[in-house]
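Sequence lines, in order, name chains R and P. My numbering numbers the first residue of the first sequence as 637 and each following residue consecutively. My numbering numbers the first residue of the second sequence as 637 and each following residue consecutively.
Hints were generated in silico from the structure; no laboratory data involved. Treat each hint with caution, since some may be false.
[Unchecked claim] Covered stretches of chain P, as calculated for chain R (at least 3 residues, CB under 8 Å):
(1) 736-745
(2) 758-772
(3) 788-798
Don't be surprised by glycine CBs; every beta carbon is placed ideally from N, CA and C.
Protein chains: 2
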Amino acid sequence: MRLATRKNGAPDGDLVVVSQDGQRCLPATKVAPNLLTAIERWEEIVSALGYLSAELEAGGGELLDPESLLAPLPRTWQWLDGSAFHTHGELMQVAFNSAPTDNSRPLMYQGLSDRFYAATDPVPFPDEGLGIDFEGEFGVIVDAVPMGVTADEAAKYIRLVVQINDWSLRTIAPIEMQTGFGWVQAKPACSVAPFAVTLDELGADWRDGRFCGQLQVEWNGRGFGLVCGDEMAFSFPELIAHAARTRDLVAGTMIGSGTVSNREYAQRGSACISEVRAIEMIANGAPQTSFMAFGDTVSMTGLSSDGSTPFGTIRQTVIKAGS
Amino acid sequence: MRLATRKNGAPDGDLVVVSQDGQRCLPATKVAPNLLTAIERWEEIVSALGYLSAELEAGGGELLDPESLLAPLPRTWQWLDGSAFHTHGELMQVAFNSAPTDNSRPLMYQGLSDRFYAATDPVPFPDEGLGIDFEGEFGVIVDAVPMGVTADEAAKYIRLVVQINDWSLRTIAPIEMQTGFGWVQAKPACSVAPFAVTLDELGADWRDGRFCGQLQVEWNGRGFGLVCGDEMAFSFPELIAHAARTRDLVAGTMIGSGTVSNREYAQRGSACISEVRAIEMIANGAPQTSFMAFGDTVSMTGLSSDGSTPFGTIRQTVIKAGS
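Looking at chain R on its own, in the form it has when it is part of the complex (with noise of 0.2 Å):
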């Protein structure tokens, strides 16, 4: 099942279904106002939620807009993003000349949840010279999860899978994390792709509480990595357990895998462009690509083994805000 968000003109949104073929949907505001409301009661909704996606599989429903349609959360209480792929924090280390961290636990940070851009929005920067790029990534959203709860136990409270650009900003990005505060200033608000699918939308690339299909990226129409989810080095439902170690989780809580990244980076790219500045710098001592401009764009889509596209595709254009 896919489920998506449409402008309303308030912050929610209201809640659709979405065909599997991405171009039809139903209303399901009868069945629960919007997706945060559907997270919080989703075992009384989910079948309610079936009859809608069977009834577009029948052919019903109308054509959907992509225009039309908000983050899948536009907002939401808690947003923990994770850094599972060990690849990407190595590069990352050489790219900000930082110390190796200890990968023997997740590294995590709490960011912005109050807003997510959609799939189509231009991005917002107040200054080109802040190192703006992006950073492609898949997450979970889960039910409200006990504090305490095991890896074990976790898997149980994934309700749906999105897809996720994380926009950094790497001139901030070292300074903040010398004060071990973690990031503010160099996290904005991350953009979620179109729709929200549930683990048997994606049917065997969901495995080991992965998702191991693949990202493309494209950075100004050309292809810039197709990377594989396949290798995080802790699963989602690893990732819930370490977030739920001292808390509660609420309902609601988005949980990410953070950048996508593997280790034959020659042959598959890369989902962020500080990695590939680390990538030249180990080859040639400096980086030569720079980061991104005022009028650049990038698109991410996540592409199941079959090649469909489950989630939708990320296409942005960063703007000077303001403007």
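For chain R, the structure is supplied; the task is to place chain P on it using the hints.
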């Protein structure tokens, strides 16, 4: 004006206006259902809240049961905590054996905002061995703030001032700091004193963008600190401008001062245990004071210079999660 939130079985509770002596209240749900909505609609509703406040001072209203209250904002979309007292930072570097940080820019992390404990809630933690500590601080709640706001402009967005206990787990904190990602496990939900107050309620104790009153801290009924808010190295407007450099701040964002701490700690005491342990390390080479045990209590009361207690009192017991 003092505002509080009364339990109604729903997460956001009911808005009430509270008398200046903290003894009586009037329901304000006809003005705004809850405090988060009140902040979102502040300009249009503040005069109606003022009428209720005047009615209370004229002797109206009903008796306020402190146990009936939630935190003023039981949840909000964003919680950003600064660390604006340099004495605290310097002592924490001793406690954690960490490198000095750059004092020229504010320190700030994004914390859990989906839940704030009420002032009288027991506070559960999974394990006594995690180094359970309190951190007494002040904070502000702001209206929507545009990206790029200056500190001069930021002052006008402050709607309310609050008093906070930022619960911290000290055995995890330095491990998470070393990653540069900031705290997730080391910073569970905070507690907030019962009353959120407008600036005029603080009189001359609100100056230079700081609450310059004191915070009285007791641990298990014994005096632990009587610290003063005037030594903030960055004012609240400066913290707001820091937070808003690359993001719009959503209405209802809460921004904290970090642990109140003074250079004259030998006379004033402290607002967290970790500082006392650092002072012992400096004096004796090793800490003597243990962190909190299950069953321990902490109380915190902000004091105006006239001896009044604008925020009410936090008085809590630490318990084992699941007990």
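### Task
Go through the numbered hints given earlier and state which of them the structure violates, listing their numbers in rising order.
3
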